[in-house]
Amino acid sequence: MQFIRPLILPMAEGSAKNNYGELEEQDIEELKGLAGATENYGNFYGQNVFVASGGVLLIIGVLKELGFNVEALAVAKASIPIAVIAVIVSAVQFLYYDKKLIRKKKMA
Amino acid sequence: MQNILLELLYVMCGIISFIAAYYAFNGKEQECRIGTSLFWAILGLVFTIGRYIPKNVVGAMILVMAILAAFKQVRVGKFFTSSPEFKEKKAAEIGNKLFVPALAIAVAAFGIAQFTKLGGLVGLGIGAVIALLISFVTTGARIDEATRESARLLHQVGPASILPQLLAALGALFNAAGVGEVISRGIGAILPADNITLGVIAYCVGMALFTIIMGNAFAAFAVITAGVGVPFVLNQGADPAVAAALAMTAGYCGTLMTPMAANFNIVSASILELKDKYMIIKKQIPVGIVLLIIHIILMLVLAF
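Listed in order, the protein sequences are those of chains A and B. Heads up: the first sequence at position 57 corresponds to 57 in the working numbering, and the numbers run straight through without jumps. Heads up: the second sequence at position 146 corresponds to 146 in the working numbering, and the numbers run straight through without jumps.
Treat the hints as calculated values from the structure; they're not laboratory data. Computed from a prediction, not measured in an experiment: that's the story for all the values here. Heads up, a few of these hints could be off.
Claimed, not checked - Facing chain B, from chain A, some residues (calculated, C-beta under 8 Å):
#1 44
#2 57
#3 70
#4 86
#5 93
No residue lacks a Cβ here, since even glycine has one placed at the ideal position from N, Cα and C.
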C-alpha cells in the first residue's frame with residue numbers, strides 16, 4: 001500500500017482521465033479495486049522467488065518434518081514460472097479493463 | 001559447517017529478542033511491561049540455548065508465549081525514533097547509497113545459496129550481517145540506534161513473527177497424530193491414489209479452498225500437504241520442491257478470493273477509500289481462478 005495509494009493509483013487515474021475524459025464514480029471504484037489487486041498479485045506470486053521469504057522457509061520447514069529434504073534455492077527457482085505467468089495474467093486483466101473503458105466512452 | 005553457522009545465526013536472533021525484551025522492560029510508556037518483556041525473553045532463551053533445554057520444557061515455554069499473546073499481554077512499545085526532519089536531512093545526505101544495504105542482503109543470500117553449499121538460510125543471515133556493517137559505514141549511525149530500531153521492528157511484527165515456525169510444527173504434529181492419514185483415507189475412498197492428475201487437482205484446489213476458509217495459506221499448507229500433498233502427489237514421484245512451491249502459490253489464489261485475508265483485501269480497500277469494500281476481491285476472483293487452473297497444469301507438467 002505504500003506504493004499503491006501515493007503512486008500507482010494517481011498514475012492510473014491520471015492516465016484514464018487523459019485518455020477517456022472525466023470518469024464516473026463507478027469507473028474510479030473499479031480503478032481503485034484494480035490498483036489494490038496489483039499489489040497482491042505482485043506480492044503473492046513474486047515473494048517466493050526470494051530464497052529467504054517466509055513462504056519458502058515454511059515450505060522447507062514443513063517438508064523436512066514430513067521427511068522430504070529440499071533446498072530453499074530449489075523452491076525459489078520453482079516459483080519463477082508462476083511469477084512470470086502472474087505478471088502476464090494481470091497485464092491481460094488490465095488491458096481488458098482498458099478496452100472496456102474505451103468501448104464505454106464510444107457508446108456514450 | 002552449515003549447522004555451526006546456522007546455530008550462530010539463531011543465537012544472534014536470540015540476542016535481538018533479548019534486546020526487544022530489554023527495551024520492553026525499561027520502556028517508560030510500555031504497556032503490559034511484564035507480559036511483553038517475558039514474551040521476548042522466552043523467545044531469546046529458545047533461540048540461544050534452546051538446544052540445551054529439554055524438549056518438553058521448550059514446549060511449555062512456547063505455550064506460555066502463546067498464552068501471553070492470546071491475552072494481548074504483548075504490546076508494541078513506544079520507541080524514541082528520529083524526527084521526520086532528521087530523516088529528510090539524512091536521506092538527502094546519504095542519497096541512493098541507502099539502497100546498498102538492502103540490496104546487499106538479497107545479493108549475499110542469493111550468491112551464497114547459489115555458489116556455496118551453505119544454503120539459503122545461512123546466506124540470508126550472512127547477508128543481514130553484511131548489510132548491518134555497510135549501514136554503519138554509510139550512515140555513521142551509533143550502535144544503540146541499530147539495537148533500538150531492531151527492537152522497534154520486532155515489537156511491531158509482534159507475536160506473528162513466530163507464526164511460520166509454529167505452523168511448520170503444526171504440520172509435523174498433524175503428521176505424527178495421523179491426521180494426514182485420516183484425510184487421505186477419506187479422499188482415497190473417492191480418489192484412486194495412483195491417479196496423478198486427480199491428485200494434483202485435489203492438492204491445488206484443496207490449498208485454495210482451505211486458504212479461503214482459514215484466510216491464511218501458511219496454515220493451509222501444513223495441513224493440506226500432510227493430508228493430500230504427500231500421499232497423492234509427492235509419493236507418486238513428484239519433485240517435492242516444485243510441487244510444494246506451486247501448492248503454496250495455489251493457496252495464494254485462495255487468498256485473492258477471500259475476505260478472511262482481511263489485511264490484504266479489506267484493509268487495503270479502506271486505505272484506498274473504496275465504497276465497496278469487496279471491490280478488490282471482486283477484481284481478483286477471475287485472476288485467482290485462472291491462475292489456479294494454470295497452477296494445476298504447471299504442477300502436472302513441471303513436477304513430474
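Now the hints, each set against the structure:
1. 44: Holds: closest Cβ of chain B sits about 4 Å from residue 44 of chain A, inside 8 Å.
2. 57: With a closest approach of 6 Å, the residue 57 of chain A hint holds.
3. 70: Interface hint status for residue 70 of chain A: holds (4 Å vs cutoff 8 Å).
4. 86: Since chain B brings a Cβ to about 6 Å from residue 86 of chain A, closer than 8 Å, the hint holds.
5. 93: Holds, about 6 Å.
Consistency with the previously given hints is maintained throughout, with no hint failing.
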